[in-house]
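Peer 1: Residue numbers (this note's numbering), protein chains in the order written: chain F, 1 to 487; chain R, 1 to 340.
Because the hints were derived from the structure by calculation, they are not lab data.
You may find that some hints are simply not true.
The calculated DSS-like cross-link candidates involving lysine-lysine, where the alpha carbons are at most 30 Å apart (straight line), are [claimed, not checked]:
hint : chain 1 : residue 1 : chain 2 : residue 2
1    : F       : Lys276    : F       : Lys73
2    : F       : Lys470    : F       : Lys143
3    : R       : Lys297    : F       : Lys287
4    : R       : Lys39     : F       : Lys295
5    : F       : Lys424    : R       : Lys314
6    : F       : Lys353    : F       : Lys287
7    : F       : Lys221    : F       : Lys38
8    : R       : Lys90     : F       : Lys424
9    : R       : Lys14     : F       : Lys424
10   : F       : Lys424    : F       : Lys206
11   : R       : Lys194    : F       : Lys367
12   : R       : Lys297    : F       : Lys295
13   : F       : Lys206    : R       : Lys65
14   : F       : Lys143    : R       : Lys297
15   : R       : Lys283    : F       : Lys410
16   : R       : Lys65     : R       : Lys194
17   : R       : Lys23     : F       : Lys424
18   : R       : Lys35     : F       : Lys424
19   : R       : Lys39     : F       : Lys162
20   : R       : Lys23     : F       : Lys287
21   : F       : Lys424    : R       : Lys21
22   : F       : Lys367    : R       : Lys23
If the Cβ cut is set under 8 Å, some of the chain R residues that face chain F in the computed set are [stated by the list, open to error]:
hint : residue
23   : Pro44
24   : Asp59
25   : Glu162
26   : Val329
27   : Thr333
28   : Leu334
Even for Gly, the Cβ is constructed at its ideal location relative to N, Cα and C.
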Amino acid sequence: MADLLGIGKSGLFASKKALEVTGHNMSNVNTEGYSRQKVIQSTAIPVTTGGFIQGTGVKIDGINRVNDEFIDKRLNAAISSSKFYDARSEHLNQVESIFNEVDSEGLNQILNKFFNSFRELANQPENETIRSVVRDNAGLVVKDFRRIRETLDLQAGNIDRKLATSVSDVNQILNHVADLNGKIATIEAQQGESGDLRDQRDVALKNLSEEFKVHTYTDEKGRFVVTAQGIGTLVTGLHTQELAVISKNKEHSSNNMNGSVEIVLKDRPSQAVTGKFQGGNLAAIIKVRNEDLKKLQDDMDGIAFQFTSSVNSIHRQGFVNRPINLGPDGTPAQADSKGLTTGLDFFTQPLTKEGAAGSIDLSDAVKGDLSNISAALAPNAPGDNRVAIAISKLQHERIAGEDSVTLEEKYLQTIGSIGLETGKARLDAEQSSGILAQANSIRERLTGVSIDEETANMVRYQHAYEASAKMMQAADEMFKTVLELKR
Amino acid sequence: MTRVSENSSTASLKYALNRTKAKMEDLQLKGSTLKSITKPSDNPVSNVEAMALTSSTNDNIQYLKNADFALLNLNVTEKSLEELTDLLSKAKEIAIAQSSDFFNADVRKNVANEVQQLYNQSLAVANKKVGLKNIFSGTNTLTVPFDSNGSYKGDSGHISLEVSRNFFVPVNLTGEEVFFSSEDSDSIESPLQKFEQFDKSTINNISRELATKEVDEDGEVPAKPFKTRDNIFAQLQALTSALENNDPEMIQGLLEKFDNSISRLVTLRTRIGSITNSVESSKSGLESENVDHISRKSSLLDADVADLFSDINKQQAILKTTYQSTQGVMNQTLMDFLHR
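Next up, chain R with everything else stripped away, as it sits in the complex (with noise of 0.2 Å):
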């Protein structure tokens, strides 16, 4: 028969007690935060993955940001290519209108001054600003990009965004690109191109739409061909200065050049929607990877409500049942039932 002392019972109930009471605190602990983890410890595998996850939504935040700021930009520009359009229309309608024998040189003087307006217009197109950028000056983006004779005074640089993991997308056509003829776009590198601490594989296939390279027949990219003349700006002028001399032959033969120009811009704007349309996908890609990460996160963090409140009911019964049982052993002994 199992021999039972005083300090044997009380130590008995002691760790009974001290178990349950245990129990209770970390209930009660998780029922107040409602986190089934409350320290690595609790569970290190959810608690690491929680973490991880919680970066990776503060990245596709800062991606949705960026994406955002993407948008911004590729919208102004494109914004400026319509109007630049628009212009260039204009200023096409005014040469097809004049290019007839039809109007005289008093006429096309007055003429000459409306065209003298588009210029001045599309150089304002040309020198916009989204906040401090100067939006068509390469990466010189500090530097108005036209001066006044539509001289090109911004650099050919391409700027990359990352607007979601390891999507990057060009945000910006340069000067060049826009107002002088298309032949001397460059191809756009990815912005890690110049760092040897990057592993290149991954970065070289990145997909561009924009600008693609001009390659002749022997696989070499052309020089740059002399472009100065051939400018949106220098077509503008040279339609005034037409206009202005009243020589039709000069305006006529200016007109293919208005719809090289037009045709290019065009170009340009359809391939600004497809970047446009590829960011908003991302964008909408992220947000929803953002909701699943919360979800994920969720399971792993919080605690189950019902679980957990059903949990503590239970070791509250435990526990006023142990504090009964434990009224009925202390405090009582033989002595209590000898008479003196």
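Bound conformation, chain F alone (with noise of 0.2 Å):
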């Protein structure tokens, strides 16, 4: 009769326990990596009375998370390439809209412009007033090569403040990881439940995916290891690798750019890692700063060396438009009281091409005197328009891009291949962030709780418990017929 009122006891327990996973599992359904648990039971240990051997009733043998740990990796690597793609697309976003001519004016409509201004001098060049439509026009060329030479260093440092956060971001992660994993191991020597630390370890780690990729394994003396991909192990057991930045002059640099952030290991810091990164945000944007915005500021210093160097070449065989005296053997005057009477420049000369778009300018002497921008090829003679012409023809010379192609084929090439870039990346991360979808609805439908699951389950579980509290009734009551005997 005891063991009766027992195997009721552990029905009532075992259901009672399933009841109270179910209620776990359904209050937690938002929450974010939870993976639903579920009651292992088994047969209690049977006990031979009177030569029979007989059962015992129902024991709890654990409370198991259902996960898989290839799923949860493939996860992880597809977060790892989705969201390296969407950085990726997002900041090349930012990068195209710089060059955006599509329905507002952009550096190469101005180059025309400028161009133009000197066809037009060509037409007048004895009138003063083009000439300072011709300055105008210059001055707007000026202003463009800057912003979007500006723009583009912008980016950069924008990119070297985004590592600096994503690096703290990082090691943050990092101790959390290494935290649970002392956690997860002091529990489990009790024989405890992990699933839920497990989860957040899980959690953990699918935010380290999305700045880089990452690999886990549980090394041969049981501590959970992580490593980074191309970098190496950044937590083992309780002890972590930190990252660090630290700013590095040109020389050091990975892009040759002053004082550009690089990515070290906390305990190395003579050693950059930047460019090791595999996959997510880091590599990304580092991507993004080393390469695609590396490229683009050469190309643009290199269109602008090109432009001021060529038109002020022309422009330095020109003479002023104003009246020169004559020597006696018919030389010019090198000079007169406003300076300089032919071989000034247009802009200043750019010595080298590193940073000529950046810090373009007209001449002093263009910005002093309108009539030092020389349209005549001799002097004296206001008609002369030969140098406004040979200026407005650098047009269409192929002198930029080792002599093969002209200015604007080399601008429209720049923004070509920014634009194939953009578009591909666009692409990619359409793509990535459906294998993500996949991953993540091949995680769900596994570990996800289903409220319609859970309910059966409930309906199940609590008539099972009705059940094993019937059998302690009638266990009671048949205790009451013997006890009921004497009476």
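Two independent chains are provided; combine them into the complex using the hints.
Peer 2: Here it is, written out as structure tokens:
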């Protein structure tokens, strides 16, 4: 009879525990990264009484979370690659908008206007008003070269700041993982349930995967190890290897930019690992900074350098639009009261290609006096337009990029290639987000809570609970019957 | 059997909704701008081609302006040549009439005043201006080309304008060419000739309609002949003094010179006319080219309205269906059907 009560009680306990787990599942239906749990129960150890082997009810072996390590790893890889293309596409979109001339006036049209204003000057080289139009248009060219170069620099700077915040996020996650490693080890040493903590660690690894590709394993001593591909081990059990950022000067930076931020392992600050990250946000923004932005800066500098140097070399041959005294042998005077009469630069001549787009400016001569804009190839010939024509012809002359393309072609190539890269990144982002959604849904199908399922379980365990209670009631009644025998 | 959990169904719903709405947004942007390209990455190749077309169109607009300016100069020059021809014809008529012995010295003196007027008129024509430009001063355009004695103050520079890509036309005649004898008219070199920055092979062969270079038998350009006495002003002055001096023989001697001058002016007019024609034809070429550019650009950038709106309708229908199916799936569980 006592057995009967015991068996009933064990059923009651098991059903109650199962109901508790059901409740836990239901209440965590929207918890991020939660894996549903289920009660593992088995028959209690049978006893032999009176020669019979007899069951003693049910016992609970444990509460397991439903989870597949390989699905999680696949999900993390999908997160890394999706995040990589997302971040790349987002940043390239910003870069691309600098060069968007679909419905606004960009550098190409401004350069075009500049050359056309010289054509207008060639029509009326005597006209001072047109000289001021030429100067205004040249001013716009200067402004737009600088705008592009400054915006490119600004975006590189933004990426530097982003790297710093990402690295501090990563460090936080690494410490969190190490911390969880410790707690899980402690609980599991006491035979406790670590499912919820493991879920938290999986969430942390998912967050880490957003920054770079993560690989995890358990080593021979049972320590949980997190490594970043291409970088090395970041967490071993309780120990973390944190990342750090440092500013490098031009010679030591990975992108030849001044003051750019590099990532290092905290214990080895001399060795930059910036370029070694694979996948995820970090690799994406580093690639945008070190490759795409760098190339654009170089291209723009090259175009600006070619442009200013070519315009200058022609402009220097011209004579100012003022009466010039001729010497006794007919040679024109080199200078007059307003300065030099020939050999004047139109733009300040850049010394090197590097940074030419940022430092472009009108020469002091042109800024100071309109008559210094030289249209004539001969002195004292206000109607001579040969210099103006020659400058306007530079538009169609193959002077950019090893003399094989015109300035416009070079600029359009630059825009074309950034457009192509952006378009490709967007396609990749769409594709990888599809793959991510699929990986996510595979994981959620296995580990996610289904309210329908839990409701059915609830009904099931409720009935089982009732049945066990009835069993105890029956035992109680049997006791009563036996006790009433004596009355 | 595939297990479906709460999160997996909401996740797939979210994914489907997001995709449809992203497409919808893109279509709406295109619908509101009526452009199929809103940023370079939408179609890098078309974008770049459209930008090249824009600058080439703007260039053409400038070339059209240049052509109009060239035409203005050419027309004024031609008009001046016409006036000069008239003046010289009148002078010649006078010379023919006065070359006989029929008139006496008094009459000739009166007629001399008339010729003096012709001289003044031709001086006015020679100093004609277009805007700021003295058109017969060569490149020294701010200087009045002829003083009252008819001596030339300008230079022998030629002004060329680019009236369509790489097509340069000379737009001025120097005072020397018009008023002095034709032998000294220099050939006109390309305006880019003196710049070593440019590839010479492309610019050397620009067609020259005006004032070809006289080459003698040795292939040498003859040295400039002494010219001051042999010009239109000198001829008119000579006629005046011959009339005043009552010298019919000298008047007769001038007849041939007038004929030479008139025929030179006629030749110059024909040349100006042929340049004007080529400018006009390049102008109409540019205009039709621009129309082509615009239609090409439109086909590159503009959205196909019919296609676009049928796409929008389709996408709207998809979105509606997604919403309706969402309504069926969300917020309904087994709970709703269990009786307590």
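Peer 1: Under the constraints set out in the numbered hints, which ones does this structure not fulfil?
Peer 2: Going through the list in order, the structure violates hints 2, 3, 8, 13, 22, 26 and respects the others.
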